[in-house]
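Novice: With chain R's structure known, arrange chain S on it following the hints.
Same order as they appear, the protein sequences are chains R and S. Position 219 of the first sequence, counted from 1, bears residue number 243 in this note's numbering, the numbering being contiguous throughout. Position 162 of the second sequence, counted from 1, bears residue number 186 in this note's numbering, the numbering being contiguous throughout.
To be clear, the hints were calculated from the coordinates, so they are not data collected in a lab. Heads up, some of the hints might be wrong.
Repeated chains share a single entry, so a pair holds when one copy, or any two copies, can fit it.
Here are the simulated SDA-like cross-link-like pairs (lysine to any residue), alpha carbons at most 20 Å apart as the crow flies [stated by the list, open to error]:
#, residue 1, residue 2
1, 198, 224
2, 221, 90
3, 158, 227
4, 310, 64
5, 158, 90
6, 305, 65
7, 198, 210
8, 221, 89
9, 198, 327
10, 300, 335
11, 70, 214
12, 221, 93
13, 73, 193
14, 180, 318
15, 198, 93
16, 158, 320
17, 198, 326
18, 221, 101
19, 158, 63
Nothing here was measured: the structure is a model prediction, and the numbers come from that model.
There are 2 protein chains.
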Amino acid sequence: MQLSEFLRRACGSDLWPYRGIQPVTEPTPMGHEYCGIVEEVGSAVKQVKPGQFVIGSFFASDNTCPNCRAGYQSACEHKEFVSTAQASILRVPLADGTLVPTPAVPPNELIPNLLTLSDVMGTGWFAADAANVKPGATVAVVGDGAVGLLAVLSAKQMGAGRIIAMSRNESRQKLAREFGATDIVSERGDEGVARIKDLTNGIGADSVAECVGSQESIMQAIRSTRKGGYVSYVGVPHGVALDGAELFFAHVHLHGGPAPVRRYLPRLIELVLDEKIEPGKVFDLKLSLDQVAEGYRAMDERRAIKALLQP
Amino acid sequence: MQLSEFLRRACGSDLWPYRGIQPVTEPTPMGHEYCGIVEEVGSAVKQVKPGQFVIGSFFASDNTCPNCRAGYQSACEHKEFVSTAQASILRVPLADGTLVPTPAVPPNELIPNLLTLSDVMGTGWFAADAANVKPGATVAVVGDGAVGLLAVLSAKQMGAGRIIAMSRNESRQKLAREFGATDIVSERGDEGVARIKDLTNGIGADSVAECVGSQESIMQAIRSTRKGGYVSYVGVPHGVALDGAELFFAHVHLHGGPAPVRRYLPRLIELVLDEKIEPGKVFDLKLSLDQVAEGYRAMDERRAIKALLQP
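Pulled out of the complex, with its shape left as it was, chain R reads as follows:
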């Protein structure tokens, strides 16, 4: 099926190839976060209809295979990475499995919120869910990118009693507090771990969401967690290796991976339409699609958390 008139986002994970850490040898399409109006559907598409407003995940999925049925659509047996969203028209494969329509075409002001569900909000929700956030729990979030900030918002929605955001950037700290953070820790590494321990009577947090993907951040997450607590990891790992003996004696639970955004879309769409959450606040830069390069530049230089690209 084809989408047009759609919004797109520049994603933090695109910064790995942008910075050359992940080699790019030829012209490559970019963009994997999108929502918009259905223009046209293929003959095999039965549910999705032209004219509908739909949101999909960065992984297209059939939503019927055993992995999808287990709730891991991002590991669908027929998954395809949607990587051409920074364009005027987008083809989404496996449309019926991938796309979730809203009940009606939503008002313009809600669309940035809906756009985040396609990746960063869905991923932040998975970060909190995989870290087993429960009502009253003490939660720490490592990483103050859009996903980390939305993990804070998710933990708040799930009833966390205390939410510690790890950030050294003033505007992100402010947004973290708006989203529900009760404490801010600006230290990193061992000092960051020591601060979390200080804040938790020496025990560590119940749930820690790792939203970066570096060796330092995952070790910081594991060491900040109490015995028997939960660590999630949703940042694509770069150069990460976990030492078996340290992991063994850490006594934590671990879960993560590419977020199964599709699983959470119906629930998150409801939360946005009911105006219970406003994840679109992460967009602090609005550009037109032909200014996409500036969007990546601003994110790379940490001048912007997230760029919204409009047709």
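Specialist: Same frame as chain R, but now just chain S:
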């Protein structure tokens, strides 16, 4: 407090120093699995009484600190490793927190079963519990030592629908079947993974318990698990490093570490006294305490699964 007239076991984990993989530079006491009659208690001991038959874990724990209260007594803030059990008298620190008495001195024939609770049975139970074994689940167990075999027994008790034991040793395969294994896989590494996939419609097992501690066995466990499934690790890791990217895309849950045996002792004592489980079947060699060296030799050469040492 001091125990006498007690039974002890030679443990698989003692084989690491026995084989010189873990350096031993001076004469070192051995033995961390025990049960027996209380001879004498110190003045600070309030609950445990002389004459009681008691079982303790290899980690002494106060059972009151926050880690203990969270159910992780093997990470007690005051834990002490009990390492002098191959002796005629044993001092157990933190007696009130560590030792669980049976309602009466049990009949002789049940004592080998009770002895296993001190480590291998408690660890096998944790392996199944940390792998989230649920009624009807498909479970695979990597490792056919006493812990692996008792993880099979535990999975059976927890209602697993299918239990795949990975073993290439005929007598251990037989015991695995007695304990509840429905399938045996003798292949290892990638071939072992392929066999598990064959047995599970290409999906992988719901729960996989890793009871060895080597790089090969933990990777075999992770790769044998379905997306969203659970992997536990209870074998002390030697030279293990987990690649972040592989872990990320595996989409499994992980949990493990030194088993919090103390958490499970009351329940497991009940199961033994009610004759619901017979974990003592793992003892296939009975020796007197002064023959302890032969016990380790037989286990090292895989002539015995487990040696029982009597006073």
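Novice: Each hint should be assessed against the structure and marked as holding or not.
Specialist: Structure-based check of each hint:
Neither within a single protomer nor between protomers do residue 198 and residue 224 lie at most 20 Å apart by alpha-carbon distance, with minima of 22 Å and 49 Å respectively. Taking the shortest alpha-carbon separations for residue 221 and residue 90, only the inter-copy value of 13 Å comes in at or below 20 Å, while the best intra-copy value is 40 Å. For the homomeric pair residue 158 and residue 227, the shortest alpha-carbon distance inside one copy (17 Å) is at most 20 Å, but the shortest distance between copies (30 Å) is not. Taking CA atoms no more than 20 Å apart as the test, residue 310 paired with residue 64 passes in neither setting, with 28 Å inside one copy and 76 Å between copies.
In this homomeric assembly, residue 158 and residue 90 come within 20 Å of each other (Cα to Cα) only across copies, at 18 Å, whereas the closest approach inside a single copy is 27 Å. For the homomeric pair residue 305 and residue 65, neither the shortest alpha-carbon distance inside one copy (32 Å) nor that between copies (63 Å) is at most 20 Å. Taking CA atoms no more than 20 Å apart as the test, residue 198 paired with residue 210 passes inside one copy only; the shortest distance there is 13 Å, against 57 Å between copies. Taking identical chains as interchangeable, the C-alpha atoms of residue 221 and residue 89 lie at most 20 Å apart only when they sit on different chains, with a minimum of 15 Å there against 43 Å within one chain.
Taking the closest pair of Cα atoms, residue 198 and residue 327 come within 20 Å of each other only inside a single copy of the chain (15 Å); across copies the shortest separation is 65 Å, beyond that limit. For a Cα distance limit of 20 Å, the shortest separation of residue 300 from residue 335 qualifies neither inside one copy, at 27 Å, nor across copies, at 68 Å. In this assembly of identical chains, the alpha carbons of residue 70 and residue 214 never lie at most 20 Å apart, being 53 Å within a copy and 40 Å across copies at closest. Taking the shortest alpha-carbon separations for residue 221 and residue 93, only the inter-copy value of 18 Å comes in at or below 20 Å, while the best intra-copy value is 39 Å.
For a Cα distance limit of 20 Å, the shortest separation of residue 73 from residue 193 qualifies neither inside one copy, at 43 Å, nor across copies, at 59 Å. In this assembly of identical chains, the alpha carbons of residue 180 and residue 318 never lie at most 20 Å apart, being 32 Å within a copy and 59 Å across copies at closest. Taking the shortest alpha-carbon separations for residue 198 and residue 93, neither the intra-copy value of 38 Å nor the inter-copy value of 36 Å comes in at or below 20 Å. Taking CA atoms no more than 20 Å apart as the test, residue 158 paired with residue 320 passes in neither setting, with 35 Å inside one copy and 46 Å between copies.
Taking the shortest alpha-carbon separations for residue 198 and residue 326, only the intra-copy value of 15 Å comes in at or below 20 Å, while the best inter-copy value is 61 Å. Only between protomers do residue 221 and residue 101 lie at most 20 Å apart by alpha-carbon distance; the minimum there is 14 Å, versus 41 Å within a single protomer. Taking the shortest alpha-carbon separations for residue 158 and residue 63, neither the intra-copy value of 41 Å nor the inter-copy value of 46 Å comes in at or below 20 Å.
Going down the numbered hints, you'll see the structure goes against 1, 4, 6, 10, 11, 13, 14, 15, 16 and 19, while the others check out.
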